[in-house]
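Using the sequences provided together with the hints, build the complete structure.
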Amino acid sequence: MAIVVGPPIPANQISPLELLIALGQMTKRTYMAVTVFLFYEFFLTLDQEIEHIWVFPLLRGFCVT
Numbered sequence: 001m002a003i004v005v006g007p008p009i010p011a012n013q014i015s016p017l018e019l020l021i022a023l024g025q026m027t028k029r030t031y032m033a034v035t036v037f038l039f040y041e042f043f044l045t046l047d048q049e050i051e052h053i054w055v056f057p058l059l060r061g062f063c064v065t
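Under full-length UniProt numbering, the residue at position 2 of the sequence shown is numbered 2, and the numbers go up by one with no gaps.
Quick caveat, the hints were computed from the structure, so don't treat them as lab data.
None of the values given here were measured: they were computed from a predicted structure.
Certain hints may be false.
[Stated by the list, open to error] Restraint ranges, calculated between C-beta atoms of paired labels, are given here: (1) Phe39 - Pro10: 41 to 47 Å; (2) Ile53 - Pro8: 36 to 42 Å; (3) Glu41 - Ile21: 26 to 32 Å; (4) Ile14 - Glu51: 52 to 58 Å; (5) Thr27 - Asp47: 30 to 36 Å; (6) Tyr40 - Val5: 41 to 47 Å; (7) Lys28 - Ile53: 29 to 35 Å; (8) Lys28 - Val5: 53 to 59 Å; (9) Ile9 - Thr30: 24 to 30 Å; (10) Arg29 - Pro8: 40 to 46 Å; (11) Pro8 - Glu49: 37 to 43 Å; (12) Phe39 - Ile9: 37 to 43 Å.
For every residue, glycine included, the Cβ atom is placed at its ideal position computed from N, Cα and C.
This is the structure:
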């Protein structure tokens, strides 16, 4: 048995709610796509970063003699 918490939504107010729901879903999907792209780009270029940026040996630190 379902519990009704308020009055039903009138038919003339459903359209704006559908728009808000669609915008919320699009926002979530956009955030997910950007996050996946950033992780993909990070792991795709990690070997180049290690090769070119992390030049100094870790044991000697950043002191160049």
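inquiry  = Hint compliance check: list the failing hint numbers for this structure, sorted ascending.
reply    = As far as the earlier hints go, 2, 8, 10, 11 are violated by this structure, in ascending order.
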